[in-house]
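> Okay, here's what each chain looks like letter by letter:
Number of protein chains: 2
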Amino acid sequence: MTHPLRQHIEEIINLTDEEFDFVLSHFQKIKKRKHQYIVQAGDIVNKEYWILKGCLKSYFIDDNGKEHILQFGMENWWITDYESFVRQIESKTSIDCIEDSELLYITFENREKLTAEMHKMERFWAKKSKIGRIALQNRILSLLKNSSKEKYNLLLEQYPKLFQRVPKKMIASYLGVSRETLSRLNS
Amino acid sequence: MTHPLRQHIEEIINLTDEEFDFVLSHFQKIKKRKHQYIVQAGDIVNKEYWILKGCLKSYFIDDNGKEHILQFGMENWWITDYESFVRQIESKTSIDCIEDSELLYITFENREKLTAEMHKMERFWAKKSKIGRIALQNRILSLLKNSSKEKYNLLLEQYPKLFQRVPKKMIASYLGVSRETLSRLNS
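The listed protein sequences derive, respectively, from chains F and L.
Under our numbering, the first residue of the first sequence carries the number 1, and numbering increases by one thereafter.
Under our numbering, the first residue of the second sequence carries the number 1, and numbering increases by one thereafter.
One thing to keep in mind: the hints can contain errors.
[Said to hold, decoys possible] List time: in silico BS3-like cross-link candidates among lysine-lysine, alpha-carbon distance up to 25 Å:
id, chain 1, residue 1, chain 2, residue 2
1, L, Lys128, F, Lys120
2, F, Lys149, L, Lys92
3, L, Lys92, L, Lys169
4, L, Lys66, L, Lys168
5, L, Lys149, F, Lys92
6, L, Lys149, L, Lys31
7, L, Lys66, L, Lys130
8, L, Lys120, F, Lys127
9, L, Lys128, F, Lys128
No lab work stands behind these hints: they were computed from the structure.
Whenever a hint applies, use it, and build me the whole structure from the sequences.
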């Protein structure tokens with residue numbers, strides 16, 4: 001059976017068996033239980049995670065203790081505090097598990113090594129980065145222009161599975177709407 | 001005098017004179033007057049622009065005719081409809097000039113050629129893309145968690161020049177606040 005990470009990478013570039021083994025040798029696997037952290041605000045994040053199984057959220061806690069969800073992650077998604085990982089500065093966000101999760105991670109050094117040695121993988125991440133940037137831009141557009149109902153419907157359309165796996169209060173936090181508004185939309 | 005594009009690129013990678021001439025040969029220069037477009041919604045965008053002089057805005061018009069500003073651009077900034085440029089699909093946004101502007105642009109084909117022939121330039125754009133992604137993520141965080149006043153102060157702190165060059169109603173549109181709210185913050 002093809003490794004799920006290989007399937008994921010081969011959506012963008014093709015790899016020989018040897019190349020995939022080489023790529024995989026730069027990753028390590030960890031398991032985390034529901035509610036466990038992979039990143040805590042203030043950490044200098046040294047790993048980027050690829051989700052083999054499970055569901056996670058990255059979020060920011062404001063001065064009033066309110067949680068703002070920046071990103072969800074499910075199978076085949078990458079997750080980390082990107083700013084901390086790239087700039088090696090303190091993370092503003094925390095990331096924890098909404099479900100028991102299995103993750104593959106690559107350290108900053110291994111990712112640098114791998115992209116330097118294998119131009120193909122640099123192309124892979126460059127492409128993923130472009131896709132990620134487009135998604136972020138569309139999210140900004142949605143936050144600026146869409147009503148709560150439109151934001152809710154868009155998310156439901158894009159990620160129907162998320163609604164089965166994630167508590168409603170987290171959906172509300174991600175959309176930047178109150179739980180009361182969400183209950184109305186949801187009924 | 002060093003070319004401003006060379007100064008800009010050399011913030012990230014070093015170039016020899018010959019290399020910079022080669023890079024520059026992939027760009028063309030255009031001048032646009034205030035209010036003129038470089039992108040109109042519905043275009044398949046084939047160019048990425050680097051701003052030599054002037055000020056531009058990219059924006060989305062919603063079904064009610066309301067303008068939502070996604071990005072401003074000033075000297076040394078890159079601007080295009082990124083999703084249209086990367087995916088070669090119809091642009092959702094329009095981009096026009098707030099001031100008379102001078103721009104350098106590179107076509108999609110020339111950018112592909114240049115990055116294929118010059119690994120350094122691929123690294124340059126990969127780095128710019130990372131920085132861009134971090135900025136977008138921070139903007140999402142700001143839209144989710146900050147009050148109108150906090151959003152306003154953050155923008156003023158990051159881009160003081162913008163407030164001298166751009167009408168207040170555009171600042172309000174960028175921040176996703178009403179003009180009335182902005183007037184209050186501004187007084």
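> When you check the alpha-carbon spacing of L/Lys128 and F/Lys128, does it fall within 25 Å?
14 Å, holds
> Check the hint pairing F/Lys149 with L/Lys92 against an upper bound of 25 Å on the C-alpha distance.
21 Å, holds
> For the pair supplied as a hint, L/Lys149 and F/Lys92, is the alpha-carbon distance within the 25 Å limit?
Distance ~21 Å between L/Lys149 and F/Lys92 Cα, so the pair holds.
> With the threshold set at 25 Å, check whether the alpha-carbon distance from L/Lys128 to F/Lys120 stays at or below it.
Within the cut-off at roughly 19 Å; holds.
> Would you check the hint for L/Lys120 and F/Lys127, treating anything up to 25 Å between C-alpha atoms as holding?
17 Å, holds
> Hey, L/Lys149 versus L/Lys31, does the alpha-carbon distance stay inside 25 Å?
36 Å, violated
> Mind checking the alpha carbons of L/Lys66 and L/Lys130 for me, to see if they're no more than 25 Å apart?
31 Å, violated
> Within 25 Å, alpha carbon to alpha carbon, are L/Lys66 and L/Lys168?
16 Å, holds
> For a C-alpha distance cap of 25 Å, please report whether L/Lys92 and L/Lys169 respect it.
21 Å, holds
Taken one by one, the earlier hints fail for this structure at numbers 6, 7, listed in ascending order.
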